[in-house]
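These protein sequences, in sequence, are chains E and W.
The first sequence: position 45 = 45 (the working numbering), numbered continuously.
The second sequence: position 327 = 327 (the working numbering), numbered continuously.
Be careful, since some hints might not be right.
Stated by the list, open to error - Per label pair, the in silico range of CB-to-CB distance:
1) Lys124(E) with Leu279(W): 53 to 59 Å
2) Glu111(E) with Glu31(W): 32 to 38 Å
3) Thr79(E) with Glu31(W): 31 to 37 Å
4) Thr126(E) with Glu154(W): 37 to 43 Å
5) Gly202(W) with Glu35(E): 28 to 34 Å
6) Leu279(W) with Asp68(E): 37 to 43 Å
7) Ala65(E) with Gly180(W): 37 to 43 Å
8) Ala65(E) with Ala65(W): 41 to 47 Å
9) Ala271(W) with Ala55(E): 49 to 55 Å
Simulated from the structure, these hints should not be mistaken for lab results.
Just so you know, even glycine gets a beta-carbon here, dropped at the ideal spot from N, CA and C.
Here is how the chains run, residue by residue.
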Amino acid sequence: MQVLEDLFYTKSHEWIKFEDEKTALVGLTDYAQKELGELVFVNLPEEGEETKAGASFADVESVKAVSDVYCPLTGVVGTINEELLDAPELINESPYAAWFVKIEDITDKVELLSAEEYEEYVQKETEE
Amino acid sequence: MELHTPLYETHLKYHGKMVPFAGYLLPIQYEQGVIKEHMAVRTRAGLFDVSHMGEILCKGEDALANLQYLLTNDFTNMAEGQARYSPMCNERGGTVDDLIVYKQKENQYLIVVNAANKDKDFKWMRKHAFGKAEFTDISEMTAQIALQGPKAKEILQKLAAADSIPGKYYHARFDVKAAGIPCMISQTGYTGEDGYEIYMDGKDAPAMWEALMEAGKEEGLIPCGLGARDTLRLEAAMPLYGHEMDDTVNPVETGLGFAVKLQKEDFIGKAYLPGKELLTRKRVGLKVTGRGIIREQEEVFVNHQKIGFTTSGTHCPYLGYPAAMAILDTAYTEIGTKVTVPVRGRQVEAEVVGLPFYKKGLSIRSGNEKEKYGIK
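I would like the entire structure built from these sequences, with the hints used as guidance.
Here is the structure:
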């Protein structure tokens, strides 16, 4: 499992990359994409939509199942990564480059983990 | 607690991702994943453990008469070594199961049933048995491996003599050998490709698996899990019990009219089975024309009017688009009919298309795809 040092993580396996205090990119972690398997469809929110920290805001589908993606941040969807709509496999190929959305005007967030904490968390989760 | 098939240890060795299915722990996929496994079967060959399937032996002077009464198809004109597909109906025409009957010899038939229905089927058969006919559940001791794909024959020929391999679809050879192991070889499958299903004693299954994997190395044979089995059968529009049919859906509605012989004498469910022209609903294919994947048990609408429900649906790896099967009011089953299916709060547009979605030999979409999956 690959974890990048300069990102933050959630217990629901999203990564967050802050551009500044009010702006961040959100995507799915390497661990999450491996667990989900080959993704064949992704559904993203609309630009301008408000997001609520901890609420589902996108979903990803493999041939077998659909899974929710949770937004770790309260804010507004500034930009969506349209490339993913046509090529969901990018999430599998390079999960940390395949950002889902850019969230702006951030006012709140869920509990965020550092790279080290996230790694420990996943290890514990897989041992159970 | 889930049971293990005789190939459980083998799956672990090949890094199968094990999940509970019909009371067994079986691989949903191996390392390469569902899509690559699917493509291997369409273009080369794949190996499946289908030991969870149930096998019931029917023996006795009245075996044929029992089958004629229990099942909707007609078995009177079967030759030894032939296989025949049939639904089994309840009194009201609903489907108890769908199965394959092999005629092994006069007064002896092997019936292969769905794993999840095995106990129900066996009880049903015993309950309705009459005269001199004995039903025996031999599932426990029987393992089954499916070798599927355009290269299946080439691979099997390396391990079995030419006269041990059946020459036609829905034919089988009994008491033959492959890789030196006693087995039955049937030319059948659930993928829409050419291929074989090999039945053997459970204790011999790991050796057979390894022999096939070794023999298929050159051809690019890979192990495939339940995930690919499901996407392959869906592309080929093969119905699955519990999805396209169940106790409340009759086989004519499922599109299995070819295996329902209304002209034969009495059989269970006959009075409730309509001819094609009297159907009020039937199975169709839906091709997604909008964005999204339609799964099973979604409602289908035309102009805000509910016209039926989906029974299976996924992204089709070979065709490259999402598709579903649905049981719809016959008034809306014309090819080209536009429908909408609400999926998780969004309206997904789809269109009624002919079945199957995929037919053997259909060529792949583009050069890029060919390169991606190593097809020449």
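Checked hints:
no., hint, verdict
1, Lys124(E) with Leu279(W): 53 to 59 Å, "holds (55 Å)"
2, Glu111(E) with Glu31(W): 32 to 38 Å, "holds (34 Å)"
3, Thr79(E) with Glu31(W): 31 to 37 Å, "holds (35 Å)"
4, Thr126(E) with Glu154(W): 37 to 43 Å, "holds (41 Å)"
5, Gly202(W) with Glu35(E): 28 to 34 Å, "holds (32 Å)"
6, Leu279(W) with Asp68(E): 37 to 43 Å, "holds (39 Å)"
7, Ala65(E) with Gly180(W): 37 to 43 Å, "holds (41 Å)"
8, Ala65(E) with Ala65(W): 41 to 47 Å, "holds (46 Å)"
9, Ala271(W) with Ala55(E): 49 to 55 Å, "holds (54 Å)"
This entry satisfies every hint, going by the numbered hints stated previously.
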